[in-house]
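Starting from the given sequences, assemble the full structure and let the hints guide the process.
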Amino acid sequence: MRLPDSVTGSFLVVLGAAAAYGGYILPPVPGQPVGPNVFPLVIGSGLALCGLAIVFGIGHSFEEEEELIPLEDGQAAAAPPPQGKLYGLRALLPPALLLFYVLAADRLGFIITAALMVYVTSTALGAKWKLALPLAALSPFAIHLIFGKLLRVPLPAGLLPTPW
Amino acid sequence: MLKTLIEAFALISTWEVIIAMFAASVYGLVIGSLPGLSATMATALLVPVTFYLSPIAAIATIVAASSMAIFSGDIPGALLRIPGTPASAAYADEAYAMTRKGQAELALGAGVWFSAVGGIAGVLSLMILAPPLAEVALSFSTFEYFWLALLGLMCATLVARSSPVKAIAGMFLGLLVSCIGIENPGGVPRFTFGLTDLFGGIEPIPALVGVFAVAQVMRAMLTPEPPPLPRRKFGSIMAGQWKLTKKYHWQMTRGNIVGIIIGVLPGAGADMAAWVSYAMSKRFSKEPEKFGTGHVEGLVEAGASNNASIASGWVPSLLFGIPGDTIAAIAIGVLYMKGLNPGPTLFTEKASSMYAIYLMFIIANIMMIPLGIAMIRIAAYILLAPRSAIMPVIMLCCAVGSFAIGNNMFGVVTVAAFGIIGYVMEANGYPVAAMVLGIVMGTMVEQAFVTSLIKSDGSILPFFERPVAAILAAMAIGALLWPVMVWVWRKMKPAQTAAATSR
Numbered sequence: 835m836r837l838p839d840s841v842t843g844s845f846l847v848v849l850g851a852a853a854a855y856g857g858y859i860l861p862p863v864p865g866q867p868v869g870p871n872v873f874p875l876v877i878g879s880g881l882a883l884c885g886l887a888i889v890f891g892i893g894h895s896f897e898e899e900e901e902l903i904p905l906e907d908g909q910a911a912a913a914p915p916p917q918g919k920l921y922g923l924r925a926l927l928p929p930a931l932l933l934f935y936v937l938a939a940d941r942l943g944f945i946i947t948a949a950l951m952v953y954v955t956s957t958a959l960g961a962k963w964k965l966a967l968p969l970a971a972l973s974p975f976a977i978h979l980i981f982g983k984l985l986r987v988p989l990p991a992g993l994l995p996t997p998w
Numbered sequence: 026m027l028k029t030l031i032e033a034f035a036l037i038s039t040w041e042v043i044i045a046m047f048a049a050s051v052y053g054l055v056i057g058s059l060p061g062l063s064a065t066m067a068t069a070l071l072v073p074v075t076f077y078l079s080p081i082a083a084i085a086t087i088v089a090a091s092s093m094a095i096f097s098g099d100i101p102g103a104l105l106r107i108p109g110t111p112a113s114a115a116y117a118d119e120a121y122a123m124t125r126k127g128q129a130e131l132a133l134g135a136g137v138w139f140s141a142v143g144g145i146a147g148v149l150s151l152m153i154l155a156p157p158l159a160e161v162a163l164s165f166s167t168f169e170y171f172w173l174a175l176l177g178l179m180c181a182t183l184v185a186r187s188s189p190v191k192a193i194a195g196m197f198l199g200l201l202v203s204c205i206g207i208e209n210p211g212g213v214p215r216f217t218f219g220l221t222d223l224f225g226g227i228e229p230i231p232a233l234v235g236v237f238a239v240a241q242v243m244r245a246m247l248t249p250e251p252p253p254l255p256r257r258k259f260g261s262i263m264a265g266q267w268k269l270t271k272k273y274h275w276q277m278t279r280g281n282i283v284g285i286i287i288g289v290l291p292g293a294g295a296d297m298a299a300w301v302s303y304a305m306s307k308r309f310s311k312e313p314e315k316f317g318t319g320h321v322e323g324l325v326e327a328g329a330s331n332n333a334s335i336a337s338g339w340v341p342s343l344l345f346g347i348p349g350d351t352i353a354a355i356a357i358g359v360l361y362m363k364g365l366n367p368g369p370t371l372f373t374e375k376a377s378s379m380y381a382i383y384l385m386f387i388i389a390n391i392m393m394i395p396l397g398i399a400m401i402r403i404a405a406y407i408l409l410a411p412r413s414a415i416m417p418v419i420m421l422c423c424a425v426g427s428f429a430i431g432n433n434m435f436g437v438v439t440v441a442a443f444g445i446i447g448y449v450m451e452a453n454g455y456p457v458a459a460m461v462l463g464i465v466m467g468t469m470v471e472q473a474f475v476t477s478l479i480k481s482d483g484s485i486l487p488f489f490e491r492p493v494a495a496i497l498a499a500m501a502i503g504a505l506l507w508p509v510m511v512w513v514w515r516k517m518k519p520a521q522t523a524a525a526t527s528r
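Protein chains in written order, with our numbering: chain A, 835 to 998; chain B, 26 to 528.
Among the hints, erroneous ones may be present.
[What the hints assert, rightly or not] Below, a list of computed lysine to aspartate or glutamate pairs in the DMTMM-like style, where the Cα atoms sit at most 25 Å apart: (1) 962(A) x 250(B); (2) 964(A) x 250(B); (3) 268(B) x 312(B); (4) 28(B) x 41(B); (5) 983(A) x 41(B); (6) 480(B) x 41(B); (7) 363(B) x 32(B).
[To be verified] Examples of chain B residues toward chain A, derived with CB under 8 Å: (8) 215; (9) 239; (10) 429.
[To be verified] Simulated restraints, written as ranges between beta carbons of each label pair: (11) 855(A) x 208(B): 18 to 24 Å; (12) 992(A) x 156(B): 18 to 24 Å; (13) 852(A) x 221(B): 18 to 24 Å; (14) 399(B) x 983(A): 25 to 31 Å; (15) 960(A) x 207(B): 27 to 33 Å; (16) 207(B) x 855(A): 16 to 22 Å.
It is worth saying that the hints were derived from the structure and are not from the lab. For every residue, glycine included, the Cβ atom is placed at its ideal position computed from N, Cα and C.
Laid out in structure tokens, this is it:
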């Protein structure tokens, strides 16, 4: 997902301009010089300026040294992962599963939806079914016990209500 | 004073607080020791649980979990050369070199001992700095608050280990996110696109969970699994720590002070403190050639520093609602939820709660020693848990936790969206901490800005008229212009770039 600076910068310019315009057209508070429109106008303009600076590579010189530092968890030192065309899309799996949860939880219920989520995530991370299956069977109940029973979060029951 | 102290003791000596603190400590130790799960993530996932606790117990869990997680990140750093949290990244190589020399006990012992000392030094700074600053802050008007907030946002961009322009852009993105909703000076729906779910604005906590937890699961999808930990027998862990304390007391003190200062600076947290202190230790050491070969000196200083920054990060959070680091940003959300709205009056009206926070920090740091030793001994078993078993559970916690914040499915959508945003930003060198700060502080910045503008009748001059406001303004503008000045300076003197970047 490493995009060229010109792409992310241009995106920020567009976003900033849109925000500034969106702020500009907001109705003012009658009888007052400043209202809800000022802040988005300032933020949007600032964002657009930053975007322009990024497109032109200002401040880029600060970034070079950083590449050497293992930023997140030192995994940079490990061997490069296998590359395929669709490999990068795997990263979108977690948010996709969360959206699946939003759509399905009310109908299928928490336990079933959660079990599916766990199984898919676990398999995608390289677990064999011997690990993924028991995990998918047990962890939704554990989470439901903590959040649903102890903390009384109204988790949807759906097709498979919990025994408690 | 004594009466409030007794009240504070009464507040924390309930079973709920004690159990919450102990459970949160164990949780923090485990999450911190697992590579890829950071202290901020541990805290963010804890928030839904704190909903159901009393205010003091809620804060206790955050205090305990964050302090423990920062220490326990040292464990895989020393044993595997993979830091458990970004805060341990600075000295993971050094600690691993010590392990290879057969000094794993000394390295880990130094981690636990100097973390505890650093943590307590941080609390002392919180106790000493906060009340007098609160006195000063009581006379602040919206002009001062505006500049202070701006200064805080600028600090976050200055210390980011990335392009300052990208950091400022990240900050603006966060502020833009905070614009969403009807909670604005006009009370009109702003950037809601007709969606009723957006009327209430974007909740900071689901956004934080998305940026720190979901984005991490996304990254895990593309990175290889870390190697398993070789099992080993440990000797005495605390042996020799007192000798180290005496030998390196100056380094320890310097680490504490640097950690405190960096913690107080908004947006700069434990990881920054560790990097700066480790570099400083090397720079001022009598034996700099030993660094990198398994020398304990840098570990002492950086370990003392990153834990000190955790407590001092609460100073601006409690006083102004300006988070000192990302963990404090989450803590602010919890403080608001629990009716302990940050501000200088907190120290006069809710003094006993403040003392309770100090006490909890001290207790957490004392508890860190026995719990930390136990954790070091069982770490080999905990690190056996494969990532493919942990990440799915994290995902479930993200989904349920973000739902629990408002009992609303929109929270889950927010988490997913911010997971993508955080992932893309991180991959392209935009610091997410700056955006987080923008989201958390947005409403406050806008309020201070718009109220000031209304008061001054649209004129800019009153922003600089009050003396404190003028000083803060000068600092904020200086911070804003700093990257430009460095850029110009480098253009003029290309030979000295190395000097300019070594900060």
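Hints and how they fare:
Annotation: proposed proximity of residue 962(A) to residue 250(B) holds, straight-line Cα distance about 14 Å (limit 25 Å). Simply put, residue 964(A) and residue 250(B) have alpha-carbon atoms about 18 Å apart, close enough for the 25 Å limit, and the pair holds. As the CA atoms of residue 268(B) and residue 312(B) are separated by approximately 18 Å, the hinted pair is consistent with the 25 Å bound. With a C-alpha separation of about 22 Å, the suggested pair residue 28(B) and residue 41(B) falls inside the 25 Å cut-off, and the hint holds.
Pair hint residue 983(A) plus residue 41(B) holds up; C-alpha atoms about 18 Å apart against a cutoff of 25 Å. A hinted pair counts as satisfied when its Cα atoms are at most 25 Å apart, and residue 480(B) with residue 41(B) does not qualify at roughly 46 Å. As the CA atoms of residue 363(B) and residue 32(B) are separated by approximately 18 Å, the hinted pair is consistent with the 25 Å bound. The beta carbon of residue 215(B) comes within 6 Å of a beta carbon in chain A, closer than 8 Å, and the hint placing it at the interface holds.
A least Cβ separation of about 5 Å between residue 239(B) and chain A falls short of the 8 Å threshold, and the interface hint therefore holds. With a least beta-carbon distance of about 4 Å to chain A, the hint placing residue 429(B) at the interface is held under the 8 Å criterion. Checked against the hint of 18 to 24 Å, the C-beta distance between residue 855(A) and residue 208(B) comes to roughly 21 Å, which is consistent with it. Between residue 992(A) and residue 156(B) the Cβ separation comes to about 53 Å, which falls outside the hinted range of 18 to 24 Å.
For residue 852(A) paired with residue 221(B), a C-beta distance near 22 Å keeps the hint of 18 to 24 Å intact. Distance hint for residue 399(B) and residue 983(A): a CB-CB separation of about 29 Å, consistent with the stated range 25 to 31 Å. Checked against the hint of 27 to 33 Å, the pair residue 960(A) and residue 207(B) fails, with Cβ atoms roughly 46 Å apart. A C-beta distance of roughly 19 Å is found between residue 207(B) and residue 855(A), which places it inside the suggested range of 16 to 22 Å.
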